[in-house]
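S.K.: Generate the whole structure from the sequences, applying the supplied hints.
Below, each chain spelled out in residue letters.
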Amino acid sequence: MGAYNRILGKSLWVFHVSASPCNNCDIEILDLLTPRYDLERFGIKLVGSIRHADVLLVTGIGSCKISERVQRIYEQAPKPVFVVAIGTCPAAGATFKNAYTNCGPLEKIIPVDMYIPGCPPKPETMIAGVAELLGRLK
Amino acid sequence: MIVIYTLVFPGALFALTVGMLGWWLERKVSALVQHRVGPPWYQNFADVFKLMGKESIVPEKSTVFLYIASPVAAVTAAISLAVLVGMPVFLNTNFAGDIILIIYTMALGSAAIFLGAAASSNVYAGIGAGRELKMLLADELVFVMVLLVPIIRSGFGLNLKEIIIATPALFSVSGVIAYVVGLLAIQAKLAIQPFDIAEAETELAGGVEIEYSGVLLGLWKMTKAVHFFVFPMLLTVLFFGVPSSLSLVRYLWFLLFYVVTLAILIVIKNVNPRATIQGVLGFFWKRLSLLAFAAVVLAILGV
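Chains as they are written, first to last, in our numbering: chain U, 2 to 139; chain H, 97 to 399.
None of these hints come from the bench; they were simulated from the model. Heads up, the beta-carbon is just placed ideally off N, CA and C, and yes, glycines get one too. Be aware that one or more of the hints could be misleading.
[Claimed, not checked] So the derived label-pair ranges between C-beta atoms look like this:
| no. | chain 1 | residue 1 | chain 2 | residue 2 | range |
| --- | --- | --- | --- | --- | --- |
| 1 | H | Val399 | U | Leu31 | 27 to 33 Å |
| 2 | U | Leu31 | H | Thr113 | 31 to 37 Å |
| 3 | H | Ser217 | U | Arg42 | 33 to 39 Å |
| 4 | U | Lys66 | H | Lys157 | 39 to 45 Å |
| 5 | H | Gly378 | U | Asn99 | 54 to 60 Å |
| 6 | U | Tyr5 | H | Gly193 | 50 to 56 Å |
[Claimed, not checked] Straight line, CA to CA, 27 Å or less: simulated DSS-like cross-link-like pairs of lysine-lysine:
| no. | chain 1 | residue 1 | chain 2 | residue 2 |
| --- | --- | --- | --- | --- |
| 7 | H | Lys230 | U | Lys139 |
| 8 | U | Lys46 | H | Lys365 |
| 9 | H | Lys317 | U | Lys139 |
| 10 | H | Lys157 | U | Lys66 |
| 11 | U | Lys11 | H | Lys157 |
| 12 | U | Lys11 | H | Lys124 |
| 13 | H | Lys365 | U | Lys11 |
| 14 | H | Lys382 | H | Lys124 |
| 15 | H | Lys230 | H | Lys157 |
| 16 | H | Lys382 | H | Lys230 |
| 17 | H | Lys157 | U | Lys80 |
| 18 | H | Lys124 | U | Lys46 |
M.R.: In structure tokens:
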């Protein structure tokens, strides 16, 4: 699968899952597509349908209501699919750690391939994280 | 021989390669317009190769046969279109059929998109399917009238080979009008902005393709790539013509005007936001069809 993974790494289509975030990470994700960072040069594209996705970018704590949906979305994605948790929330809950709605962390809901911590992580950090994922594919 | 025509030269392999490069040009120039770097030249090849290795999911409630058959039919129609148009242009040979066959094959692609979307039992895909059908209604009449102008200019022959080696239709008032209208009709056929209302990434999340994944989605992408080759090519050879003898000059002549046509399409794409469906219908039926009709009348009068 070496050759296939190399080509998969050149064309990662990203689907954005908002699992009850505070919206801060989402705004930073959108930054990645702007002229300043332009991830399309690596072949990374934001797609609107889960059926087209290779990578799920999950933001937010994964509250009790949304966790079921996140699981269903993960099951609907065509495999192979990678899960990247953006921000501190999916990893540890951050400021919502003791909230009564918290059903996280994310790894209790779906398997996670990579964490990119930060509140929110800078776009440069996210690019570094995605480059790390590409490195793992090779 | 026909196998080689279909699978290698002007058919599948050649049409896909040129189409994906044309599509890349569209993405790259759009990126440059937005001050971005844009994807590398092999991006579309990597995308389709990747999709071939992904899991292909068939939704439980879909009409399974139509769901699988539609992308196959669409890519077949697109490749046969490439062979039908490519053989007179690149090989100077004829096929048993004329421009009417080409019009039918073009409509087949749209019909397959509509059926595939309708079969996938998704609400967004359903909306996309309805829009695709309305787009077909809007641009088909205009496009057929545009095709009539070079036919009339070349002396009422329906044979593509005779039309393209006659005096180029663009050397006349009616030809110029028809070419401009034809560019907009091609824009609608390719479903790129401002006429990407059936796919509508931001409001329908992919529209007609929303449920497709893996190999089947790859077939849709291949269809789109071949369309990027065939539709501008058809418009180019009809209006700019080609030198009558088969030589390198002919290929360079074709390449030059193919890129010119594609460049105009890309510029229109980048300066326009997406139109509304009633806006498109009104634009095509009330404005462009009148212009196209005027071009046909002028062509009959010999202007």
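S.K.: All the hints need checking, so say for each whether the structure fits it.
M.R.: Hints, one by one, checked against the model:
no., hint, result
1, H:Val399 / U:Leu31: 27 to 33 Å, "violated (52 Å)"
2, U:Leu31 / H:Thr113: 31 to 37 Å, "holds (34 Å)"
3, H:Ser217 / U:Arg42: 33 to 39 Å, "holds (37 Å)"
4, U:Lys66 / H:Lys157: 39 to 45 Å, "violated (25 Å)"
5, H:Gly378 / U:Asn99: 54 to 60 Å, "holds (57 Å)"
6, U:Tyr5 / H:Gly193: 50 to 56 Å, "violated (40 Å)"
7, H:Lys230 / U:Lys139, "violated (45 Å)"
8, U:Lys46 / H:Lys365, "holds (19 Å)"
9, H:Lys317 / U:Lys139, "holds (25 Å)"
10, H:Lys157 / U:Lys66, "holds (26 Å)"
11, U:Lys11 / H:Lys157, "violated (33 Å)"
12, U:Lys11 / H:Lys124, "holds (16 Å)"
13, H:Lys365 / U:Lys11, "holds (26 Å)"
14, H:Lys382 / H:Lys124, "violated (34 Å)"
15, H:Lys230 / H:Lys157, "holds (25 Å)"
16, H:Lys382 / H:Lys230, "holds (15 Å)"
17, H:Lys157 / U:Lys80, "holds (20 Å)"
18, H:Lys124 / U:Lys46, "holds (14 Å)"
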